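Taken in sequence, the protein lines are chains A and B. Quick note: the first sequence uses the working numbering, first residue 174, plus one each step. Quick note: the second sequence uses the working numbering, first residue 140, plus one each step.
Hints are computed from structural coordinates only; laboratory data are not their basis. Here the structure is a predicted model, which is why all the values come from computation and not from measurement. Check each hint, because a few of them may be wrong.
[As the list claims (entries may be wrong)] Straight-line Cα separation of at most 30 angstroms, DSSO-like style, residue types lysine-lysine; simulated pairs:
#1 A/K357 to A/K297
#2 A/K284 to A/K239
#3 A/K239 to B/K296
#4 A/K339 to A/K419
#5 A/K379 to B/K296
#6 A/K312 to A/K379
#7 B/K296 to A/K419
#8 B/K296 to A/K236
#9 A/K312 to B/K296
#10 A/K379 to A/K298
#11 A/K339 to B/K296
#12 B/K254 to A/K235
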Amino acid sequence: MGRMRKLLIPGVDKRLLLRDAVKAMPDLTRRRFISGGASFGALTLLTGCNVLDGDSAEEMLKKVSKFNDAVQAWMFNPDALAPEFPESMITRPFPFNGYYDVDDAPDIDGKDWKLEVRGLVDNKKSWTLEELYRLPQVKQVTRHICVEGWSAIGSWTGTPLRDFLKLIGADTRAQYVWFQCADKDGYNSPLDMRSALHPQTQMSFKFADQILPRAYGYPMKIRVPTKLGFKNPKYVISMEITNDYKGGYWEDQGYNSFSGN
Amino acid sequence: MSSLAATDSSATQDRGKVIQPAWVRAMHWTNAFAMVLMIMSGWQIYNASPLFEDFRFSTSITLGGWLAGALLWHFAAMWLLMINGLIYLITGFATGRFRRKLLPISPRGLLSDLKAALTFKLAHDDLSTYNYVQRLLYVGIMAVGVLIVLSGLSIWKPVQLGWLVALFGGYDWARYVHFFCMAAIVLFLIVHVALAILVPKSLRAMIIGR
Numbered sequence: 174m175g176r177m178r179k180l181l182i183p184g185v186d187k188r189l190l191l192r193d194a195v196k197a198m199p200d201l202t203r204r205r206f207i208s209g210g211a212s213f214g215a216l217t218l219l220t221g222c223n224v225l226d227g228d229s230a231e232e233m234l235k236k237v238s239k240f241n242d243a244v245q246a247w248m249f250n251p252d253a254l255a256p257e258f259p260e261s262m263i264t265r266p267f268p269f270n271g272y273y274d275v276d277d278a279p280d281i282d283g284k285d286w287k288l289e290v291r292g293l294v295d296n297k298k299s300w301t302l303e304e305l306y307r308l309p310q311v312k313q314v315t316r317h318i319c320v321e322g323w324s325a326i327g328s329w330t331g332t333p334l335r336d337f338l339k340l341i342g343a344d345t346r347a348q349y350v351w352f353q354c355a356d357k358d359g360y361n362s363p364l365d366m367r368s369a370l371h372p373q374t375q376m377s378f379k380f381a382d383q384i385l386p387r388a389y390g391y392p393m394k395i396r397v398p399t400k401l402g403f404k405n406p407k408y409v410i411s412m413e414i415t416n417d418y419k420g421g422y423w424e425d426q427g428y429n430s431f432s433g434n
Numbered sequence: 140m141s142s143l144a145a146t147d148s149s150a151t152q153d154r155g156k157v158i159q160p161a162w163v164r165a166m167h168w169t170n171a172f173a174m175v176l177m178i179m180s181g182w183q184i185y186n187a188s189p190l191f192e193d194f195r196f197s198t199s200i201t202l203g204g205w206l207a208g209a210l211l212w213h214f215a216a217m218w219l220l221m222i223n224g225l226i227y228l229i230t231g232f233a234t235g236r237f238r239r240k241l242l243p244i245s246p247r248g249l250l251s252d253l254k255a256a257l258t259f260k261l262a263h264d265d266l267s268t269y270n271y272v273q274r275l276l277y278v279g280i281m282a283v284g285v286l287i288v289l290s291g292l293s294i295w296k297p298v299q300l301g302w303l304v305a306l307f308g309g310y311d312w313a314r315y316v317h318f319f320c321m322a323a324i325v326l327f328l329i330v331h332v333a334l335a336i337l338v339p340k341s342l343r344a345m346i347i348g349r
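Chain B with its partners taken away, still in its complex shape:
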């Protein structure tokens, strides 16, 4: 705790501008916590009736112990995930942060940034501006986040939310969509965490704001 406080005061001293405002940080970490609970309990639920015959998750990385426990976790953490996510989206649009930070996304910019990223030449001097690869990934993962919630609601309430299930092409398809959204989020997480470790000041900004 003391070292964190020290960093905080030194950061205040250099009067750096706030990169991640408090609401973004609070919601980011709330989402991270809820998402981990959802994924780990979801893996346990998956194991009860695997979509892919020979593929199941090791119980050393699942949450809940068995199906009923996992379902209780999943249907508890979903509230945290959904409410936090909804407030995040509303705030992001209402404050104009999404428009400022995530737009525009041009194919040309994307190509050159992607090339730079893959050759490790992408600059991270200014954390307040997202490069085109980041913009696309953040917009993409938000879309996946919306999709995983909607497909999850479809599986949970296939009769009450029949119109939603129909959008996914039926109950069975909704299960596959839910699974592949999870896979996309896990892939994103791996890249996201790896990059946060490679560029530690971005992690610092998400913790103390600067």
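The following block holds chain A by itself, in its conformation from the complex:
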């Protein structure tokens, strides 16, 4: 089951996870996928009938996905705000998303937790939760859009990431802010700097005015309403300012890396 869970897609409800992400995969693909390594092996072709040569089609698709990253970066308007909604429109209950059961979600003790800061930044000190809670916070009610297509409106409160980056003296000319999380199997995700500096990109500490519950990423989630859900990491334990593309949990398995809304 541990292996199976690795295959699961974020944000699906559990039935769909098993039915689609696993059953839908042809046996050959599943084996290649599980064998790890080149996770692009998971991108099957015409299921069941191999009309196109597998490897060259995958290479082509990878290239187009890179091209689509560039197109999306070009389309990205740093001033375009994700629409905000009245609190009455918040989706209740807001869905739990993960490639594991909510019972298996990281159970973090806020007193022990620290946010580690690394890379191209002046002040590499780690931050306790108490220290972070003292920073000015703002609230947003925005739509969370999953790579699968469904969406849900939620309310997040926290510190704009760009304010924090300024505070720690991050080199904002760097390419990425790379987040690592406490999820099992080590979730991580890169965020391009322009999206990181977007006014609505937030280090979230609250959901619906309550301290972020375990299901939604306690103690800290990065809320990026201009990105698909899987690029909104939860249970964040470190951020690294870097010029290197370090890949990401789902990005490495074939989801488009920019995945901007």
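Position chain B relative to chain A; hints supplied.
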């Protein structure tokens, strides 16, 4: 290949006029290829989060294997579909082909042709002139084609293209529009292919032009 070449030469001999010019044929088949890729990968994407609780597509007719693979196909084939479609529309308007072939569409003509079609009395002697049912369907499917691209762009870029999403009444509605446009295209395809088989010379015209 040889039989195709033979047909081609015999067709040249009877000096029939060109019904489907080369640009129409090239773009038609490019569109057909892109559309099939879009539909099959789209079905796989749909399965990840079905709009209708109990309805999903058999994975034997989907493309991509799983969600990430399907998304890669969908966002690759979309370029082919959009660029080809855009050039087709521009050329169709610029050359006057749309005006010549698709207009006028009169309600009276439509009714009589529809009646004739349903009683299998509709003539197909002159393939260069579209009957009123054809005109309406071709104009309609082009409109659906534009709509499916616009709703697809809305789902892809709901923040950057916020004005477009608003036109559809929000993100959720854009998903439904996208789905029903797909359904309309699939229905059109079924009728379109069936009729091409019933009137083979129309298929021939779309392959060799005459």
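Worksheet item: Hint by hint, which ones does this structure get wrong, listed from lowest number up?
Response: Violated: hints 2 and 12.
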